[in-house]
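Asker: One-letter residues, chain by chain:
Number of protein chains: 2
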Amino acid sequence: MNEKIPYKTYLTESEMPKKWLNLNAFMPEKHDPFLNADGTPCTHEDLEKVFCKECVEQELNFTDEYIEIPEGIRKFYTNFRPSPLIRAYFLEEILDTPAEIYYKYEGTNTSGSHKLNSAIPQAYYAKNQGLSSVTTETGAGQWGTALSMACAFYGLDLDVFMVKCSAEQKPHRKEVIKTYGGNVIPSPSETTNAGRKILQEYPGTGGSLGCAIAEAVEKAQNTPNCRYVLGSVLDHVLLHQTVIGLESKIALDKYGVTPDIVIGCVGGGSNYGGLIAPYMAGKLRGENNIDFVGVEPVSCPSMSKGKYAYDFCDSAKITPLAKMYTLGCGFMPSPNHSGGLRYHGMSPIVSKLYHDGYMRVEAVEQTKVFEAAVQFAKCEGILPAPESSHAIRVAIDEALKCKQTGEKKVILFGLTGTGYFDMAAYKKFNEGAMTDTIPTQEELEKGFATIPKL
Amino acid sequence: MNEKIPYKTYLTESEMPKKWLNLNAFMPEKHDPFLNADGTPCTHEDLEKVFCKECVEQELNFTDEYIEIPEGIRKFYTNFRPSPLIRAYFLEEILDTPAEIYYKYEGTNTSGSHKLNSAIPQAYYAKNQGLSSVTTETGAGQWGTALSMACAFYGLDLDVFMVKCSAEQKPHRKEVIKTYGGNVIPSPSETTNAGRKILQEYPGTGGSLGCAIAEAVEKAQNTPNCRYVLGSVLDHVLLHQTVIGLESKIALDKYGVTPDIVIGCVGGGSNYGGLIAPYMAGKLRGENNIDFVGVEPVSCPSMSKGKYAYDFCDSAKITPLAKMYTLGCGFMPSPNHSGGLRYHGMSPIVSKLYHDGYMRVEAVEQTKVFEAAVQFAKCEGILPAPESSHAIRVAIDEALKCKQTGEKKVILFGLTGTGYFDMAAYKKFNEGAMTDTIPTQEELEKGFATIPKL
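Top to bottom, those sequences are chains F and E.
Counting along the first sequence from 1, when you hit position 143 you're at 143 in this note's numbering, and nothing is skipped either side.
Counting along the second sequence from 1, when you hit position 415 you're at 415 in this note's numbering, and nothing is skipped either side.
It should be emphasised that the hints constitute simulated quantities derived from the structure, not laboratory data.
Keep in mind that this is a model prediction, so the values were computed, not measured.
Incorrect hints may have been included.
If chains are identical, the list can't say which one is meant, so a pair holds when it fits in one copy or spans any two.
Using 30 angstroms as the maximum straight-line C-alpha spacing, the simulated DSS-like pairs for lysine-lysine come out as follows [unchecked claim]:
1) K408 to K283
2) K75 to K401
3) K178 to K368
4) K307 to K403
5) K254 to K127
6) K401 to K4
7) K75 to K368
8) K18 to K75
9) K453 to K428
10) K178 to K428
11) K19 to K8
12) K8 to K18
13) K75 to K446
14) K8 to K254
15) K178 to K427
16) K254 to K4
17) K254 to K408
18) K127 to K427
From just these sequences and the hints, can you work out the full model?
Answerer: See below:
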């Protein structure tokens, strides 16, 4: 039967999910609540000062298993979704593996990644609430691009704080955001207190997601009729990303296929959480024993080397505290070529799943990641983003294990985006000039020291 | 019924075309044959010195209406096709037009354009013939990227002569080609006689497609077991591109929709010829009266200002002569931001169709083209290539005419690629620094003077 599975499966519009899956409702034990700096749990009111009202509703919803996707969002979803579920026949052939490999490819839209899945609802809810502008941060630039597209569509102004080293590596990415009307500010910047403070402490720093978040939050709070929107980490972002997993499962179910392993890269954790959601919901209820793998860079090993503790989501300590795996909100990762994975913390949901033993984590080196990326590009045709290539690396490794053991495992991985804007990184790799940076124990300790003591 | 037409239509694998459509077989009057420099018609043997054997067979086939797509090609086609046929509901809404607008979007693959449709068969036939390498030219870089992907897949070495001003505008495009193993040489270069000669005549020139072709042909002829492959102009390239039109028609036929106008940008003419093919085949037999529109830049007006004459396909006059609309093989177009449309000549098939009154041509200014591109990007989400945006410009203009007249015309246009690698051009436009260049009568006359007198 599997021989009939096509290279690509697209759902029809009527097959597309009409509800997101709320993983929080399936968790037998909920993750710890967000806290204010004074240690009190965050209320709706606390969070609504920073985020859009509807997003806060979703963030604090631990009961509804499914949440309706409004018509106005599904309309724009239909414009760039469904994304294809691809059977990696060419990769299987090159690897000569008995494994079946599938990947869900989120890179066919102009933002080049899965980020649009959450940018659209967040812009939609902001507009519905009557806001006139939003602020955000962006690492690799994919989130900023996605949000600029969503803001152009719904009619909102936008300030994007872009991690400085990414802004320099990807000048063209900046220009895409500007073309869609977004205002790009390299971070750390002189435009906020948070930025100025970090520039004083770390002159010449390439910046980090944590620092850019701090600037964006500050800007939103000082601008009338404006809120901050975030591209990952939070539960409502992960909720929006469940369209990835839901579409994948609907497509695989058509062929009677269930994955044995599900693999995704983890930066803030939302794409990964979204990909695994429908399968993880089953595992949480004891209905399957799928092997879930989150892949992170060795240069920013939030889960494999991090502590499970309450920490700030940003480096300026102005966001609420989340219980998560963290390297410390003051951890400054060395520049690498996966801007989207350079974050000190991790989604509270993903952190809780890891902590409770429902998934495992692999940390991989970027040279090995780019080897996998180029091997994949040459046979499957798609030039993957460095972030996504972390998942490819582990998918290939798992398929090669199957070759040794003879197991016909079914591997599903998330291919979150394209590498079109990462050619500076590919150039470095092509020229043999790429290196790996692993944080020293001293650097880790320095980061851990910035985790607040409650 | 039309209300049920989805945003996007994807064919299933079994619905995908298994044959290309050979427009030459449908032409009541065939176009004039290729000639050698001495004025004698080109034989198979003449052409096989330059091109792959099977491509020459196809080039000289004026009888078979359909030509089988080999299994080995359809396999790779299935990896990145079908491309979506998209109903431009968002654009229709913004324009407030009674027209129905559809576009066939070829930009979802990594090469970012339709070029892969012909790169794959050409690399496949080269490999089957036992060649070890091929050479080519590239303008915007899309063809070079596509061919590098195809060569990586089938295992062939590749030299790409890239028009110098494009290579400078798009350093990252170069790096994609290198990532897939292609060797990029900015043209004019010092590596060939043709390049050296042009550099002497026009020091500091940004190059042209005609010049890059000359260098690639020379390199192929001086390299053992190597042939030259071309990304447009020739009949066999147009043949391969008919998958675009065939897929479009199969999708539209499902909904009982027939276009009133079909619009495509024309550089060498192959994407346009491929898009219109199945509908034009009908028009040639008197079965429809569709309005076919080819759109070219005013800065390189091969059809609207060119002469219908025998001319060389390259500026060094080493290729065969083709009867086509031409500005003269020595015409040096001013640099603009649509590298793929900067060609002095035009596909012999498209030239013949235009000459015989089966289609019309519009020449548009690049500032107007970028206005259309940004309007389209903001509502439809897709950031279009400057080349493709020529078609968008005219599609919007036609839809606005319908708004005035109240006509509910059905418009189909070809969206050949993405603008990811054209951000330098968008930057210029965003900053208001873009200008239009229209060749003077003197410049045109200088070009015409280079058309050979037979």
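Asker: Now look at each hint and say whether the structure bears it out.
Answerer: Do the hints match the structure? See the list:
no. : hint         : verdict
1   : K408 to K283 : within (21 angstroms within a copy, 53 angstroms between copies)
2   : K75 to K401  : between (42 angstroms within a copy, 27 angstroms between copies)
3   : K178 to K368 : between (34 angstroms within a copy, 19 angstroms between copies)
4   : K307 to K403 : neither (35 angstroms within a copy, 62 angstroms between copies)
5   : K254 to K127 : neither (37 angstroms within a copy, 37 angstroms between copies)
6   : K401 to K4   : within (25 angstroms within a copy, 47 angstroms between copies)
7   : K75 to K368  : between (40 angstroms within a copy, 29 angstroms between copies)
8   : K18 to K75   : within (11 angstroms within a copy, 34 angstroms between copies)
9   : K453 to K428 : neither (41 angstroms within a copy, 51 angstroms between copies)
10  : K178 to K428 : both (27 angstroms within a copy, 12 angstroms between copies)
11  : K19 to K8    : both (23 angstroms within a copy, 20 angstroms between copies)
12  : K8 to K18    : both (22 angstroms within a copy, 17 angstroms between copies)
13  : K75 to K446  : neither (47 angstroms within a copy, 53 angstroms between copies)
14  : K8 to K254   : both (13 angstroms within a copy, 20 angstroms between copies)
15  : K178 to K427 : both (25 angstroms within a copy, 8 angstroms between copies)
16  : K254 to K4   : both (11 angstroms within a copy, 23 angstroms between copies)
17  : K254 to K408 : within (19 angstroms within a copy, 39 angstroms between copies)
18  : K127 to K427 : between (41 angstroms within a copy, 28 angstroms between copies)
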